[in-house]
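Novice: Let's have the full structure, built from the sequences with the hints guiding it.
Top to bottom, those sequences are chains C and R. Per this note's numbering, residue 1 is the first one in the first sequence, and the count goes up by one each step. Per this note's numbering, residue 1 is the first one in the second sequence, and the count goes up by one each step.
Don't take every hint at face value.
[Said to hold, decoys possible] Derived pair list, reagent style BS3-like, types lysine-lysine, alpha-carbon separation capped at 27 angstroms: (1) C:116 / C:201; (2) R:119 / C:160; (3) C:171 / R:45; (4) R:45 / C:83; (5) C:123 / C:83; (6) C:84 / C:123; (7) C:154 / C:171; (8) C:171 / R:40; (9) C:201 / C:123; (10) R:40 / C:154; (11) C:201 / C:171; (12) C:83 / C:171; (13) C:160 / C:171; (14) R:45 / C:84; (15) C:123 / R:125; (16) C:160 / R:45; (17) C:83 / C:116.
What the hints contain is simulated information worked out from the structure, not anything from laboratory work.
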Amino acid sequence: MEHRNEEDRPGVVLTQAQACIEWAYNWGRKNSVWPLGFGLACCAIEMIGASMARFDLARFGMEVFRPSPRQADLMIVAGTVTKKIAPLVVRLYNQMPEPKYVLAMGACAISGGPFKQGYNVLKGIDRYLPVDVHVPGCPPRPEALIHGLMQLQKIIAAQKLTGPNRPRFLKAEVSGEYPVPQYGPHDLEPGYTAEYWQPPKLAPLE
Amino acid sequence: MFTGTNAYLFLVVFLGVAVIFPLIPIGLARLWAWTFSPPKPGFEKQATYECGLAAPEENWRPLRPGYYRYALLFLVFDVEVLFLLPAAAAVGQLPVGAWVALLGFLALLAEGLAWAWGKRILTWK
Numbered sequence: 001m002e003h004r005n006e007e008d009r010p011g012v013v014l015t016q017a018q019a020c021i022e023w024a025y026n027w028g029r030k031n032s033v034w035p036l037g038f039g040l041a042c043c044a045i046e047m048i049g050a051s052m053a054r055f056d057l058a059r060f061g062m063e064v065f066r067p068s069p070r071q072a073d074l075m076i077v078a079g080t081v082t083k084k085i086a087p088l089v090v091r092l093y094n095q096m097p098e099p100k101y102v103l104a105m106g107a108c109a110i111s112g113g114p115f116k117q118g119y120n121v122l123k124g125i126d127r128y129l130p131v132d133v134h135v136p137g138c139p140p141r142p143e144a145l146i147h148g149l150m151q152l153q154k155i156i157a158a159q160k161l162t163g164p165n166r167p168r169f170l171k172a173e174v175s176g177e178y179p180v181p182q183y184g185p186h187d188l189e190p191g192y193t194a195e196y197w198q199p200p201k202l203a204p205l206e
Numbered sequence: 001m002f003t004g005t006n007a008y009l010f011l012v013v014f015l016g017v018a019v020i021f022p023l024i025p026i027g028l029a030r031l032w033a034w035t036f037s038p039p040k041p042g043f044e045k046q047a048t049y050e051c052g053l054a055a056p057e058e059n060w061r062p063l064r065p066g067y068y069r070y071a072l073l074f075l076v077f078d079v080e081v082l083f084l085l086p087a088a089a090a091v092g093q094l095p096v097g098a099w100v101a102l103l104g105f106l107a108l109l110a111e112g113l114a115w116a117w118g119k120r121i122l123t124w125k
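Specialist: This is the structure we're talking about:
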């Protein structure tokens, strides 16, 4: 164990105290995830349904859909992302305060879905934003969205405060803004942010 | 404790509490940010508008003063009349100080009228 990181060395009291702080911090954050209130297509109807009384997102502290990105923690990309709206989505994400999370809801937000062949449809918001949870479906039912949000709660609960494995928003050197694509003559430029996403490689033909 | 000359001491206590009470959470938040969570300001994040669209041009630009002219004329012709009626009714019993204040007010409004006249904005076609 000689390669162990200095910060991971188990001190007795300090580690206990930090574990308590970490738990309380993550507990507070995971139970008050405020989503940004914007819907792009029909998935938004299911998202709205999830926030209403029957499915009751308030149980998770997530019913407070914020009209401003400055007050939101979670971006639910609910629906088809057209190439016209993609720069706006990225710009809204950039305007959210840290820590911030992205949930891609539905087949369209994940991969373009049934409109994947369309000339004007972005084939997955992963190309520009760091997606934390993918919720498949067309559209996903509110139960599926709630399941995705519970997965996000697990992600938040497992995040570290210190150490090399701490999340992106706690690292001072990592920027909180992602490059906003520009409208080109034929397509968005660039087509994806190469730093975070690469197109899948095809297996070589034999 | 709060009687006699100290009757208003509780106001001082309240003032102190009112200052300290919000400072504690703000200080704790600053301490937390300083210890763990670095601030990440940026161009997009600090943009004025939060609708997703980039602002198309400069935010500072000259505005047409037409509305302010109307507002000034409204003051001269409407609010002045409103104040002149009680002033005219009480003009006999006014002390000297009130007279001076009244004349000063009228002089200000007359200056506004003269300004509007000089700018030739009293013409309606």
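Novice: Determine for every hint whether it applies to the structure shown.
Specialist: Here is what the structure says about each hint:
1. For the hint linking residue 116 of chain C to residue 201 of chain C, the alpha-carbon distance of about 18 angstroms falls within 27 angstroms, and the restraint holds.
2. The hinted pair formed by residue 119 of chain R and residue 160 of chain C fails the criterion: a straight-line CA distance of about 68 angstroms is larger than 27 angstroms.
3. Proposed proximity of residue 171 of chain C and residue 45 of chain R is supported: the alpha carbons are some 17 angstroms apart, at most 27 angstroms.
4. Restraint check for residue 45 of chain R and residue 83 of chain C: satisfied, since their Cα atoms lie roughly 22 angstroms apart, inside the 27 angstroms limit.
5. Annotation: proposed proximity of residue 123 of chain C to residue 83 of chain C holds, straight-line Cα distance about 9 angstroms (limit 27 angstroms).
6. For a cut-off of 27 angstroms, the pair hint linking residue 84 of chain C to residue 123 of chain C stands: about 13 angstroms separates their Cα positions.
7. The straight-line distance between the Cα atoms of residue 154 of chain C and residue 171 of chain C is roughly 21 angstroms, inside the 27 angstroms bound, and the hint therefore holds.
8. Between the alpha carbons of residue 171 of chain C and residue 40 of chain R the distance comes to roughly 10 angstroms, so the proposed pair stays at or under 27 angstroms and holds.
9. About 16 angstroms separates the Cα atoms of residue 201 of chain C and residue 123 of chain C, which keeps this hinted pair within 27 angstroms; it holds.
10. Distance check on the hinted pair: residue 40 of chain R and residue 154 of chain C sit about 25 angstroms apart at the alpha-carbon level, within 27 angstroms; holds.
11. A threshold of 27 angstroms between alpha carbons decides the hint, and for residue 201 of chain C with residue 171 of chain C the separation of about 31 angstroms lies outside it, so the pair is violated.
12. For a cut-off of 27 angstroms, the pair hint linking residue 83 of chain C to residue 171 of chain C is broken: about 31 angstroms separates their Cα positions.
13. The suggested pairing of residue 160 of chain C with residue 171 of chain C holds, with an alpha-carbon distance near 11 angstroms, which does not exceed 27 angstroms.
14. The suggested pairing of residue 45 of chain R with residue 84 of chain C holds, with an alpha-carbon distance near 21 angstroms, which does not exceed 27 angstroms.
15. Proposed proximity of residue 123 of chain C and residue 125 of chain R is contradicted: the alpha carbons are some 59 angstroms apart, above 27 angstroms.
16. About 25 angstroms separates the Cα atoms of residue 160 of chain C and residue 45 of chain R, which keeps this hinted pair within 27 angstroms; it holds.
17. Of the supplied pair hints, the one linking residue 83 of chain C and residue 116 of chain C holds, its CA atoms being roughly 12 angstroms apart against a limit of 27 angstroms.
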